[in-house]
Amino acid sequence: MPKYMLSVLIDPAADFASLPKEEQEQSGADVDAVNDALAESGKWVFAGGLGPIESATTVDARGEAPVITDGPYSESKEYLGGFWIIEADDLDEALDWARRGSKACRGRIEVRPFDQASG
Amino acid sequence: MTHVEEVFRAEYGRVVAGLVRRFGDIDLAEDALADALVTALERWPRDGVPPNPAAWLTRVAGNKAIDRLRREKVRDTKYAEVAMLNDDTPAEPTGPVTDDRLRLIFTCCHPALAPENRIALTLRLLGGLTVAEIAHAFLVPETTMAQRITRAKTKIKQARIPYGVPQGDDLPSRMSTVLAVLYLIFNEGYLSTSPESVREELCTEAIRLTRQLRETSAQLGPQPEVLGLLALMLLLDARRPARVRDGVLVVLPDQDRSSWNSAQIEEGHALVRQCLQLNRPGPYQIQAAINAVHTDAPDASSTDWSQVVALYDQLAALTPSPIVALNRAVALAELDGPQVALAIVDDLDLGSYHAFHATRADLLRRLGRYAEARTAYEQAIALTENEAERAWLAARRASCK
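Going line by line, the protein sequences match chains U and Y.
Counting in this note's numbering, the first sequence runs from 1 upward without gaps.
Counting in this note's numbering, the second sequence runs from 120 upward without gaps.
Just so you know, these hints were derived from the structure itself, not from any lab.
Just so you know, even glycine gets a beta-carbon here, dropped at the ideal spot from N, CA and C.
Just to be clear, a hint being listed does not mean it is correct.
Distance windows between CB atoms, simulated [said to hold, decoys possible]:
(1) LYS276/Y / GLN26/U: 32 to 40 Å
(2) ARG108/U / ASP455/Y: 20 to 28 Å
(3) ALA265/Y / PRO12/U: 50 to 58 Å
(4) GLN338/Y / ASP96/U: 17 to 25 Å
(5) GLN433/Y / ALA39/U: 42 to 50 Å
(6) PRO12/U / ASP150/Y: 43 to 51 Å
30 Å max Cα-Cα, derived DSSO-like pairs, lysine-lysine [what the hints assert, rightly or not]:
(7) LYS43/U / LYS276/Y
(8) LYS276/Y / LYS103/U
(9) LYS3/U / LYS43/U
(10) LYS77/U / LYS274/Y
(11) LYS43/U / LYS103/U
(12) LYS3/U / LYS192/Y
(13) LYS274/Y / LYS3/U
(14) LYS274/Y / LYS192/Y
(15) LYS274/Y / LYS43/U
(16) LYS3/U / LYS276/Y
(17) LYS103/U / LYS3/U
(18) LYS103/U / LYS77/U
(19) LYS274/Y / LYS103/U
Just a sample of chain U residues kept apart from chain Y, beta carbon distances all over 12 Å, derived [said to hold, decoys possible]:
(20) LEU9
(21) LYS21
(22) LYS43
(23) GLY48
(24) TYR73
(25) PHE83
(26) SER102
(27) ARG106
Hey, can you work out the whole structure from these sequences and the hints?
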C-alpha cells in the first residue's frame with residue numbers, strides 16, 4: 001500500500017513552547033489519540049517527535065574530507081519538528097489523517113507521498 | 120472546426136473519463152484517444168459519423184490503449200492484464216453508477232492542485248480543448264500551458280489524487296472548489312483583460328462544463344449551487360451582445376435590452392425559480408437571483424432596486440466581503456441616493472480595486488462634485504486593463520465639467 005510522510009512544520013514565530021502548559025499537555029494526549037487511531041486502522045508505520053533544532057548537526061561528505069557543522073542544513077526559519085509515516089489508499093485518506101494530526105499537534109503538516117518505486 | 124473535430128470535442132470528456140477509470144492513467148487515456156481521433160479522421164469523412172460516436176471512440180481508443188500497453192511492455196504486467204480483461208462495464212457493480220466525468224472533475228479540481236492548474240486540466244480533460252487553445256485563451260505561451268498540465272498530471276499520479284466523488288462531509292467543500300474553477304473560467308472570458316474575441320469561448324465553455332456538472336451530479340441529490348452557478352453564468356452571458364459597442368463598454372442601465380439573449384434569460388430565470396423551491400440558498404444562487412431581477416426589468420428605471428438591495432443583504436450575511444458591500448452600495452444609490460451610497464463606499468478598504476474607484480467616481484459625478492469625480496476616474500483607469508472599460512471611463516471623465 002502507498003506510504004505518505006506527514007511532516008510537522010515548526011514555525012518559531014508561533015512556537016509550541018509558548019502555548020499554556022495545559023494546552024501542551026492536551027496536545028500530547030491528542031497526538032497519542034491519533035497514534036492509537038492509526039494503529040487501530042492498521043495504517044501506522046512510524047511516528048516520532050524530534051529534539052530541538054539546536055541539537056541538529058550537519059555532515060557533508062561530498063568532498064574529500066567530511067565536514068561536520070553545528071546546526072541544521074536548511075537556512076529556512078521553519079523546520080521539521082516530527083513526523084508520521086502512514087499507509088493510505090490515496091491522497092484524500094492521507095489528507096484526512098493530516099487534518100487530524102494538525103489539530104492534535106497544533107501545527108501545520110506537509111503531506112508527501114513516498115516515491116512509488118521505493119514503496 | 121470540421122464536423123469530425125466538433126463531434127470529437129463534444130465527446131472528449133465522456134470518453135477520456137471512461138478511459139481514465141478503466142486504465143487508471145490519464146496520459147495513457149489521452150494518448151489512446153488521440154490515436155482514435157487519427158482513425159476517426161480517416162474513416163468518418165468516408166463512412167459517416169457513427170450513430171454513437173462516444174461508444175465508437177471508447178471502443179477504438181480502448182483497443183489503442185491496449186496496443187500501447189503491449190508495445191510499451193509495462194513492468195506491471197499484472198495490472199495491464201486486469202485492464203485488458205475489463206470491458207466497458209461500470210467500475211462499481213453495486214450502488215448507483217457514477218458518471219465517469221463527475222469523478223474526473225473532482226480529480227481535476229482537487230484542492231491539492233494549484234488553482235491555475237485546476238483550470239487548465241479541467242479545460243483539457245473535461246472540455247476537450249487542445250493545449251494550444253487553452254494557452255491562447257489565457258494569453259500564455261503554449262509551452263507554459265503544456266508544463267502546467269504536465270505538472271498537474273504528475274502530481275495526480277505521484278501523490279495519488281483519487282479518481283472519485285468525495286464522500287460525506289468532504290462533498291460540499293469539494294463541490295464548491297469545482298464551482299469556483301468553473302466560475303473562474305467564465306470570468307476569464309467575461310471580464311477579459313484583452314479585447315480578443317477568442318475569450319468569449321471561455322464563457323461558452325464554462326457554461327457547457329457547468330451543464331455537464333448539473334447532469335452528472337444529479338445522482339448526488341439536488342445541488343442548488345450548481346443550478347445557481349449555471350443560472351448566474353447564463354444571465355451574465357445573455358447580456359454579452361450589449362456589453363460593448365464600438366470598443367466602448369456599455370454599462371447595464373445604458374444597454375440595448377432588445378439585443379440580450381432571451382433564450383438564455385428565460386433558462387436562467389427558470390433555474391432561479393428552481394433554486395427558490397429547493398430553499399437552500401448559497402452565494403451563486405443569490406448572485407443569480409440579483410441578475411434575474413436585473414434581466415426581469417424591461418428598462419433600467421423599472422428595476423426593483425429594493426429587491427436587489429435585499430438580495431445583497433442576504434449575500435453579505437452569507438459571505439461578508441468589501442466587494443459585496445461595494446455592489447450593495449451601487450444598488451442602494453438607486454433607492455436612497457448617491458450621498459448615502461458614497462458614505463458607505465468611502466469606508467471600504469478597496470483602494471487597489473478599479474471598480475471601487477469607478478463606483479466612487481460615478482457617485483461623485485451624480486452629486487456634481489466633478490473635480491473629485493475626475494480624479495477618481497483617473498484612479499480607476501490606471502487600475503483597469505480592459506480596453507473597452509478604459510474607453511468608457513475616459514468618456515465619463517471627459518463628461519465631468
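Against the structure, the hints:
The hinted range of 32 to 40 Å is satisfied by LYS276/Y and GLN26/U, whose Cβ atoms lie roughly 39 Å apart. A beta carbon spacing of about 46 Å between ARG108/U and ASP455/Y contradicts the range 20 to 28 Å that was offered as a hint. Checked against the hint of 50 to 58 Å, the pair ALA265/Y and PRO12/U fails, with Cβ atoms roughly 40 Å apart. The hinted range of 17 to 25 Å is satisfied by GLN338/Y and ASP96/U, whose Cβ atoms lie roughly 24 Å apart.
Distance hint for GLN433/Y and ALA39/U: a CB-CB separation of about 48 Å, consistent with the stated range 42 to 50 Å. A hinted range of 43 to 51 Å for the beta carbons of PRO12/U and ASP150/Y is consistent with their spacing of about 48 Å. Restraint check: the Cα-Cα separation between LYS43/U and LYS276/Y comes to about 21 Å, which is no more than 30 Å; the hinted pair holds. Between LYS276/Y and LYS103/U the CA atoms are separated by roughly 28 Å; this keeps the pair inside 30 Å, and the hint holds.
Between LYS3/U and LYS43/U the CA atoms are separated by roughly 9 Å; this keeps the pair inside 30 Å, and the hint holds. Note on LYS77/U and LYS274/Y: the hinted pairing holds, with a Cα-Cα distance of about 26 Å set against a maximum of 30 Å. With a C-alpha separation of about 19 Å, the suggested pair LYS43/U and LYS103/U falls inside the 30 Å cut-off, and the hint holds. Taking the CA atoms of LYS3/U and LYS192/Y, the gap is near 26 Å; set against the 30 Å cutoff, the hint holds.
At most 30 Å may separate the alpha-carbon atoms for a hinted pair to count; LYS274/Y and LYS3/U meet this at roughly 15 Å. Annotation: proposed proximity of LYS274/Y to LYS192/Y holds, straight-line Cα distance about 24 Å (limit 30 Å). For the suggested pair LYS274/Y and LYS43/U, the alpha carbons sit about 22 Å apart, so the restraint of at most 30 Å is met. This hinted pair checks out: LYS3/U and LYS276/Y have alpha carbons roughly 14 Å apart, not beyond 30 Å.
Taken as a hint, the LYS103/U and LYS3/U pair is honoured in the structure, with Cα atoms around 21 Å apart against an allowance of 30 Å. In summary, the hint linking LYS103/U to LYS77/U is supported, as the alpha carbons are separated by about 22 Å, within the 30 Å threshold. With a C-alpha separation of about 25 Å, the suggested pair LYS274/Y and LYS103/U falls inside the 30 Å cut-off, and the hint holds. Non-interface status of LEU9/U relative to chain Y is upheld: no Cβ of that chain comes within 12 Å, the nearest being about 17 Å off.
Distance check on LYS21/U: its Cβ is at least 33 Å (rounded) from any Cβ of chain Y, clearing the 12 Å threshold; non-interface status holds. Every beta carbon of chain Y lies more than 12 Å from that of LYS43/U, the smallest distance being close to 14 Å; the non-interface claim holds. The beta carbon of GLY48/U sits about 23 Å from the closest Cβ of chain Y, which is more than 12 Å, so the claim that it is off the interface holds. Residue-level check passed: TYR73/U sits 24 Å from the nearest beta carbon of chain Y, beyond 12 Å.
The beta carbon of PHE83/U is kept farther than 12 Å from every beta carbon of chain Y, the shortest such distance being approximately 17 Å. Separation of SER102/U from chain Y is adequate, the least Cβ-Cβ distance of about 15 Å exceeding the 12 Å criterion. Distance to chain Y confirms ARG106/U as a non-interface residue, since its nearest Cβ pair spans about 22 Å, more than 12 Å.
The structure is inconsistent with the numbered hints 2, 3, although it conforms to all the rest.
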